[in-house]
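Protein chains in written order, with this note's numbering: chain W, 172 to 526; chain R, 4 to 322.
Each hint should be verified, as a subset may be incorrect.
[Said to hold, decoys possible] Far from chain R, some chain W residues (derived; all Cβ distances over 10 Å):
(1) Gly227
(2) Arg243
(3) Gly256
(4) Ala258
(5) Arg266
(6) Val295
(7) Arg335
(8) Gln343
(9) Glu392
(10) Ser443
(11) Ser491
(12) Glu504
[To be verified] Label-pair distances were calculated between CB atoms; the ranges are:
(13) Asp440/W / Glu318/R: 57 to 63 Å
(14) Thr190/W / Arg229/R: 40 to 46 Å
(15) His369/W / Ala201/R: 37 to 43 Å
[Stated by the list, open to error] Only some residues are given here: those of chain W computed to face chain R with a beta carbon under 10 Å:
(16) Leu210
(17) Phe245
(18) Pro248
(19) Ser250
(20) Gly257
(21) Gly265
(22) Asp276
(23) Leu279
(24) Asn287
(25) Gln288
(26) Pro290
(27) Ala318
(28) Leu495
(29) Gly498
Since the hints were made in silico from the structure, they are not lab data. In this text, all values refer to a predicted model and were calculated from it rather than measured experimentally. All C-beta atoms, glycine included, are put in the ideal place defined by N, C-alpha and C.
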Amino acid sequence: MPDLTLLPTDATGTTTGTTIETKRLTYAEAVNHALRRALRERPETLLFGEDVAKPGGVFGVTKGLHREFGDRVFDTPISESAILGGAIGAAMFGRRPIAEIMWIDFSLVALDQLVNQAPNVRYVSRGAVTAPITVRTQAGNGPGACAQHSQNLEAFFAHVPGLRVGMPSTPQDAYDMLLSAVWCDDPVIVIENRTLYHGARSDVRLGGEVGPIGGARVRREGSDVTVVTWGAVQNLVLDAAEELAAEGIEAEVLDLRWLNPLDPAAVRDAVSRTRRLAVVHEAHTFGGFGAEVVGLVAESGLDLLAPPVRIGAAPARIPSAVSLVPGVLPTREKIANGLRRLVRGEKAHDAGALR
Amino acid sequence: MRSDTPALLGYFERMLLIRGVEDEIARLRTAGDMVGSIHLCSGQEAVYVGAVAALDLSRDAVFPTYRGHGWALACGVPPEALFAEILGRVAGINGGRGGSAYFTAPRYGMYGENSIVGAGAPIAAGAALAAAFDGSGRVAVAAFGDGALNQGAVHEAMNFAAVRGLPVVFVVENNAYSELTPIADMTRNPELFRRAAAYGMPGGRVDGNDPDAVARAMETCVQRARDGAGPALLECVTQRIVGHYIGDAQHYRPAGDLDRAVAAEPIGRLAERLSAEGVAAGELDAIRARVADRVQAASRLALDSPPADPATALEHLYA
Numbered sequence: 172m173p174d175l176t177l178l179p180t181d182a183t184g185t186t187t188g189t190t191i192e193t194k195r196l197t198y199a200e201a202v203n204h205a206l207r208r209a210l211r212e213r214p215e216t217l218l219f220g221e222d223v224a225k226p227g228g229v230f231g232v233t234k235g236l237h238r239e240f241g242d243r244v245f246d247t248p249i250s251e252s253a254i255l256g257g258a259i260g261a262a263m264f265g266r267r268p269i270a271e272i273m274w275i276d277f278s279l280v281a282l283d284q285l286v287n288q289a290p291n292v293r294y295v296s297r298g299a300v301t302a303p304i305t306v307r308t309q310a311g312n313g314p315g316a317c318a319q320h321s322q323n324l325e326a327f328f329a330h331v332p333g334l335r336v337g338m339p340s341t342p343q344d345a346y347d348m349l350l351s352a353v354w355c356d357d358p359v360i361v362i363e364n365r366t367l368y369h370g371a372r373s374d375v376r377l378g379g380e381v382g383p384i385g386g387a388r389v390r391r392e393g394s395d396v397t398v399v400t401w402g403a404v405q406n407l408v409l410d411a412a413e414e415l416a417a418e419g420i421e422a423e424v425l426d427l428r429w430l431n432p433l434d435p436a437a438v439r440d441a442v443s444r445t446r447r448l449a450v451v452h453e454a455h456t457f458g459g460f461g462a463e464v465v466g467l468v469a470e471s472g473l474d475l476l477a478p479p480v481r482i483g484a485a486p487a488r489i490p491s492a493v494s495l496v497p498g499v500l501p502t503r504e505k506i507a508n509g510l511r512r513l514v515r516g517e518k519a520h521d522a523g524a525l526r
Numbered sequence: 004m005r006s007d008t009p010a011l012l013g014y015f016e017r018m019l020l021i022r023g024v025e026d027e028i029a030r031l032r033t034a035g036d037m038v039g040s041i042h043l044c045s046g047q048e049a050v051y052v053g054a055v056a057a058l059d060l061s062r063d064a065v066f067p068t069y070r071g072h073g074w075a076l077a078c079g080v081p082p083e084a085l086f087a088e089i090l091g092r093v094a095g096i097n098g099g100r101g102g103s104a105y106f107t108a109p110r111y112g113m114y115g116e117n118s119i120v121g122a123g124a125p126i127a128a129g130a131a132l133a134a135a136f137d138g139s140g141r142v143a144v145a146a147f148g149d150g151a152l153n154q155g156a157v158h159e160a161m162n163f164a165a166v167r168g169l170p171v172v173f174v175v176e177n178n179a180y181s182e183l184t185p186i187a188d189m190t191r192n193p194e195l196f197r198r199a200a201a202y203g204m205p206g207g208r209v210d211g212n213d214p215d216a217v218a219r220a221m222e223t224c225v226q227r228a229r230d231g232a233g234p235a236l237l238e239c240v241t242q243r244i245v246g247h248y249i250g251d252a253q254h255y256r257p258a259g260d261l262d263r264a265v266a267a268e269p270i271g272r273l274a275e276r277l278s279a280e281g282v283a284a285g286e287l288d289a290i291r292a293r294v295a296d297r298v299q300a301a302s303r304l305a306l307d308s309p310p311a312d313p314a315t316a317l318e319h320l321y322a
């Protein structure tokens with residue numbers, strides 16, 4: 172039996188870890204570094220999923236980990252219920268599994284384990300048993316992807332009490348949020364995005380304390396409108412914000428990062444600075460988590476200068492053809508137009524165009 | 004008295020306790036003290052006491068179904084904690100959070116009923132996966148009914164356990180009915196244990212009305228799992244002598260089916276065997292009286308416990 176002595180833990184529940192260093196990494200490399208660190212520092216961690224071990228993952232994210240950690244990193248059958256149920260059962264007995272669901276769309280065949288099983292373990296037993304699993308998956312549209320490989324389902328999971336949900340959008344967050352998830356004693360779903368995996372490298376601070384889950388981040392400061400967003404689409408939001416800056420409109424961009432736990436204070440603070448709110452997500456607007464953000468702001472009683480705007484996917488399936496996709500998903504242009512109208516107090520000529 | 008008589012007397016008493024608890028639950032449900040859907044296991048007691056006899060509950064883990072009262076009692080859950088759980092009282096084993104169909108008793112090696120058919124099988128495989136790393140020698144038991152053999156999650160769990168050589172025993176309580184429908188109408192091959200071969204693991208069928216036979220078969224499965232030889236599938240052929248749930252009129256059972264089930268049920272059969280082995284009728288009656296007293300005392304204790312406090316309903320969701 173491996174020694175399960177945990178690393179020194181300070182009073183806040185964070186763990187002081189390895190030497191701090193900064194490396195230039197892609198998002199995928201940052202995930203890989205986080206997994207390696209978790210496997211090194213937490214002997215109770217396991218990493219498994221379809222093609223994650225010997226092949227190193229279909230996107231190369233788990234490359235080299237099986238070689239370094241042997242049987243603690245293993246390939247599974249194409250069996251999402253077995254992967255997730257296996258993770259839950261192992262977690263109930265002291266392991267700390269990190270399970271990969273290759274595409275978030277595949278989680279639907281095993282939703283029972285994520286909704287009916289994992290979040291009930293602690294609750295029903297009143298803490299006598301827990302299921303600290305981390306589920307890594309990736310979501311969103313990419314060029315040529317079909318309707319079953321393009322969805323953004325974060326609202327599904329955010330709707331379930333007992334599940335934690337995070338969506339990292341930068342290499343630093345890919346590293347930090349995954350480690351926070353693994354260190355967290357709740358079931359956590361970390362939704363990555365494959366279009367970010369092999370993008371530009373940026374400085375990633377490695378090592379140091381593993382922080383608790385939660386907390387939004389201001390990605391851009393601005394005084395005219397607050398854009399609350401999360402996931403890969405925020406790169407389009409930041410591009411749109413630069414476009415608007417040239418026109419004299421300054422958008423503040425708040426990356427929610429975690430949908431559960433939500434950071435309502437950060438949302439209220441950001442919106443109170445500009446008194447205008449737009450929510451942008453790649454997921455469908457209808458029933459999307461953006462409505463939760465708008466509801467939070469409405470309930471907070473903030474005096475807004477204009478009605479809030481939601482920009483997300485239109486109510487359609489996601490088509491494969493690259494030319495069709497902008498007819499459904501948010502684009503830089505749709506986002507810029509939506510923000511422009513919001514700030515200028517114009518009514519949208521065609522509200523549907525924003526959705 | 005033969006050498007196996009003390010063990011058989013133990014089975015007899017434990018099966019009587021399960022039957023007595025189920026009868027009392029039926030009474031409390033009918034009287035309105037208990038509410039909701041309740042699935043009794045009367046008639047299937049030999050599976051639970053036999054299987055649990057082969058386990059080491061200080062380390063092994065049982066994952067039963069929503070028809071789980073018998074598994075819990077066989078594992079040693081006190082009947083008062085079970086009654087109180089179903090009554091929704093503070094003294095319930097989960098303080099009323101689980102109810103009849105979804106309670107858990109990890110202290111007793113009983114890691115939770117499951118109200119989703121077959122969903123416990125992959126979780127049991129996970130418990131066995133942990134054993135592969137922690138050196139505990141734990142064996143996990145995934146128990147489910149015949150109907151669960153048609154669930155995808157059970158297929159996934161069996162293949163996963165087999166391919167990784169995990170210490171799991173898959174126990175099928177074949178009571179001939181998938182809820183209200185005969186299993187024979189829902190699968191081309193009603194010899195369910197034969198599926199094991201497809202996963203490359205041993206499978207076998209045992210008389211699920213004979214606790215001794217179940218225990219012996221289970222010992223073989225548990226020992227080989229503990230020795231690292233991987234999972235096995237054990238089909239225990241038994242029957243319900245009650246409905247799928249309390250209130251089930253059982254119109255779907257053909258004429259004579261229920262009578263045959265009652266004739267085959269394990270408690271009467273074991274009483275006959277014990278008599279044949281020379282146990283006096285008075286001794287069996289004394290056990291019956293002792294169990295009946297225990298059930299009544301447990302029921303009274305549970306009814307005296309206050310209802311669970313709604314102010315606590317939000318606790319224990321997160322770490």
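Consistency of the hints with the structure:
1. Gly227: Since the minimum Cβ distance to chain R is about 20 Å, Gly227/W lies beyond 10 Å and the statement holds.
2. Arg243: Nearest chain R Cβ is 7 Å from Arg243/W, so the label is violated.
3. Gly256: 2 Å, violated
4. Ala258: Non-interface label on Ala258/W violated, nearest chain R Cβ at 6 Å vs cutoff 10 Å.
5. Arg266: 5 Å, violated
6. Val295: 5 Å, violated
7. Arg335: 8 Å, violated
8. Gln343: Correct as stated: the minimum Cβ-Cβ distance to chain R is 24 Å, above 10 Å.
9. Glu392: 32 Å, holds
10. Ser443: 28 Å, holds
11. Ser491: Check passes; 27 Å lies beyond 10 Å.
12. Glu504: Holds, because the least Cβ-Cβ distance between Glu504/W and chain R comes to about 40 Å, which exceeds 10 Å.
13. Asp440/W / Glu318/R: 57 to 63 Å: At 29 Å between Cβs, range violated.
14. Thr190/W / Arg229/R: 40 to 46 Å: Distance hint for Thr190/W, Arg229/R holds at roughly 43 Å.
15. His369/W / Ala201/R: 37 to 43 Å: Holds, since His369/W and Ala201/R (Cβ atoms, about 40 Å apart) stay within the stated range.
16. Leu210: 13 Å, violated
17. Phe245: Status holds, d = 8 Å.
18. Pro248: Holds: closest Cβ of chain R sits about 6 Å from Pro248/W, inside 10 Å.
19. Ser250: Result: holds, 4 Å to nearest chain R Cβ.
20. Gly257: 4 Å, holds
21. Gly265: The hint holds - Gly265/W has a Cβ within 10 Å of chain R, the shortest such distance being about 6 Å.
22. Asp276: 17 Å, violated
23. Leu279: Violated: closest Cβ of chain R sits about 13 Å from Leu279/W, beyond 10 Å.
24. Asn287: 5 Å, holds
25. Gln288: At 6 Å from the nearest chain R Cβ, Gln288/W passes the 10 Å test, so the hint holds.
26. Pro290: 8 Å, holds
27. Ala318: Check failed: Cβ of Ala318/W comes no nearer than 22 Å to chain R, outside 10 Å.
28. Leu495: 33 Å, violated
29. Gly498: 35 Å, violated
The earlier numbered hints that this structure contradicts are 2, 3, 4, 5, 6, 7, 13, 16, 22, 23, 27, 28, 29.
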